[in-house]
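Given the structure of chain A, go ahead and fit chains B and C onto it with the hints provided.
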Amino acid sequence: MQAVSDGARWMVRLVEGERLPDVFVEFARAHGIRAAAVPMGIGQLTQVRLAFWNGTEYVPREIPTPVELVSLSGSIGEAEGEPSVHLHATVGLADHSTVGGHLVSGTVGLLVESLVETFPGRAFPRPFDESVGLRRLELGGTG
Amino acid sequence: MQAVSDGARWMVRLVEGERLPDVFVEFARAHGIRAAAVPMGIGQLTQVRLAFWNGTEYVPREIPTPVELVSLSGSIGEAEGEPSVHLHATVGLADHSTVGGHLVSGTVGLLVESLVETFPGRAFPRPFDESVGLRRLELGGTG
Amino acid sequence: MQAVSDGARWMVRLVEGERLPDVFVEFARAHGIRAAAVPMGIGQLTQVRLAFWNGTEYVPREIPTPVELVSLSGSIGEAEGEPSVHLHATVGLADHSTVGGHLVSGTVGLLVESLVETFPGRAFPRPFDESVGLRRLELGGTG
Numbered sequence: 024m025q026a027v028s029d030g031a032r033w034m035v036r037l038v039e040g041e042r043l044p045d046v047f048v049e050f051a052r053a054h055g056i057r058a059a060a061v062p063m064g065i066g067q068l069t070q071v072r073l074a075f076w077n078g079t080e081y082v083p084r085e086i087p088t089p090v091e092l093v094s095l096s097g098s099i100g101e102a103e104g105e106p107s108v109h110l111h112a113t114v115g116l117a118d119h120s121t122v123g124g125h126l127v128s129g130t131v132g133l134l135v136e137s138l139v140e141t142f143p144g145r146a147f148p149r150p151f152d153e154s155v156g157l158r159r160l161e162l163g164g165t166g
Numbered sequence: 024m025q026a027v028s029d030g031a032r033w034m035v036r037l038v039e040g041e042r043l044p045d046v047f048v049e050f051a052r053a054h055g056i057r058a059a060a061v062p063m064g065i066g067q068l069t070q071v072r073l074a075f076w077n078g079t080e081y082v083p084r085e086i087p088t089p090v091e092l093v094s095l096s097g098s099i100g101e102a103e104g105e106p107s108v109h110l111h112a113t114v115g116l117a118d119h120s121t122v123g124g125h126l127v128s129g130t131v132g133l134l135v136e137s138l139v140e141t142f143p144g145r146a147f148p149r150p151f152d153e154s155v156g157l158r159r160l161e162l163g164g165t166g
Numbered sequence: 024m025q026a027v028s029d030g031a032r033w034m035v036r037l038v039e040g041e042r043l044p045d046v047f048v049e050f051a052r053a054h055g056i057r058a059a060a061v062p063m064g065i066g067q068l069t070q071v072r073l074a075f076w077n078g079t080e081y082v083p084r085e086i087p088t089p090v091e092l093v094s095l096s097g098s099i100g101e102a103e104g105e106p107s108v109h110l111h112a113t114v115g116l117a118d119h120s121t122v123g124g125h126l127v128s129g130t131v132g133l134l135v136e137s138l139v140e141t142f143p144g145r146a147f148p149r150p151f152d153e154s155v156g157l158r159r160l161e162l163g164g165t166g
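Residue numbers (the numbering used here), protein chains in the order written: chain A, 24 to 166; chain B, 24 to 166; chain C, 24 to 166.
Next up, chain A with everything else stripped away, as it sits in the complex (with noise of 0.2 Å):
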């Protein structure tokens, strides 16, 4: 993972073999973020789980085999003093049909290049919510 920044705008590039959404993670703890946005995300992914919440759990779909990534969209907050990192993703097949879903995770193939756009002295806590079993983003006080 290579990363630069023009003030809170981040551009960042992942390399074969690396992991979504670890490397985000790893991303954030590096240069500090506690609140972010991640507005595109493209490339070729080996490997993906994408996973529909049906009210209770996640139902995965792994896809073994190289796809597009199409679009990439998530966020960046805290939990637990860690980054914690939210991300949804389109990737086309080879016969150019699309699968979509949260990101549950995805190896990066030939490259992943992502723009990334942070609220300095912000976190945006992602707490545990009991009532329905699932970490949600709240916007938080500045940090």
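Just so you know, these hints were derived from the structure itself, not from any lab. Beta carbons are placed, not taken as given, at the ideal position from N, Cα and C, and that holds for glycine. Just to be clear, a hint being listed does not mean it is correct.
What the hints assert, rightly or not - Covered stretches of chain C, as calculated for chain B (at least 3 residues, CB under 8 Å):
| no. | stretch |
| --- | --- |
| 1 | 57-71 |
| 2 | 76-87 |
| 3 | 90-102 |
| 4 | 119-129 |
| 5 | 142-155 |
Leaving out everything else, chains B and C in the frame of chain A:
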């Protein structure tokens, strides 16, 4: 709806039962936003109506069950003195297939998180173009 | 093509008949942009060619009918002294299904609106990597 900003960049949090695109109209009105892009939105929608422009009219598709909001993209301009919001979305269904198009309406489920990038001091007009039967964004002068 | 900026953030408006990705090359050249991300693009394309990288070559799919541009993501770098644009897209068809991949080319229909986030003073090189047969974005030093 909650929103926090870092200069021209806003993070928006929508909660259960709020309606798209209306809640972005309220957001724009509350903060005097007359020119913006919406590059990111993720979360869950419990009801969504997408549409395809066939050259004459929008052909709708209603999805009455919860879906993953996988991508949300759009713009905020101004029409007849009011905020004008145009959104496109990709949603992930229970079988992880995706459906996409113009987002006519959607109801927020567990949460929607969205990034909005504004252009302070500008207004993007969205006049109705009778030749095509649609409103189309212009970039305007500095407002 | 029209474009307005607020610092490093640009809103771009493409009109009927303009071609992607060429028009982003012209945009980058006109404004001296050597490093940028494209996190948002919506509108209509009347013709689009998407492709899937199968490890050896891009397998194309041509869609000769109008489609909704549902997501547009990419980056602007530099290759051999010229702007180098790489885009991925999801498009919505008449039946609201979606197709996605590397955007080889597309012709703008009624309108395309796009957000471009630049990194002033930087250049992202996109050298050809013979080992994989593709150009790959690097983040460079400060240009």
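query: Taking a Cβ-Cβ distance under 8 Å as contact, does the stretch 57-71 of chain C have three or more residues in contact with chain B?
result: With 5 residues in contact (Cβ-Cβ under 8 Å with chain B), the coverage given for the stretch 57-71 of chain C holds.
message: Is the coverage entry for the stretch 76-87 of chain C by chain B consistent with the three-residue Cβ rule at 8 Å?
response: Contact hint for the stretch 76-87 of chain C vs chain B: violated, 0 residues under 8 Å.
message: When I compare C-beta atoms, does the stretch 90-102 of chain C have three or more residues closer than 8 Å to chain B?
response: holds (count 5)
field: Within 8 Å of chain B's CB atoms, at least three CB atoms from the stretch 119-129 of chain C: coverage verdict
entry: Three-residue rule met by the stretch 119-129 of chain C, so holds; n is 3.
field: Whether chain B covers the stretch 142-155 of chain C (at least 3 residues having a Cβ closer than 8 Å to its Cβ atoms)
entry: Our answer is that it is violated, as 0 residues pass the Cβ test (under 8 Å) against chain B, missing three.
Of the numbered hints given earlier, the model fails hints 2 and 5; all others are met.
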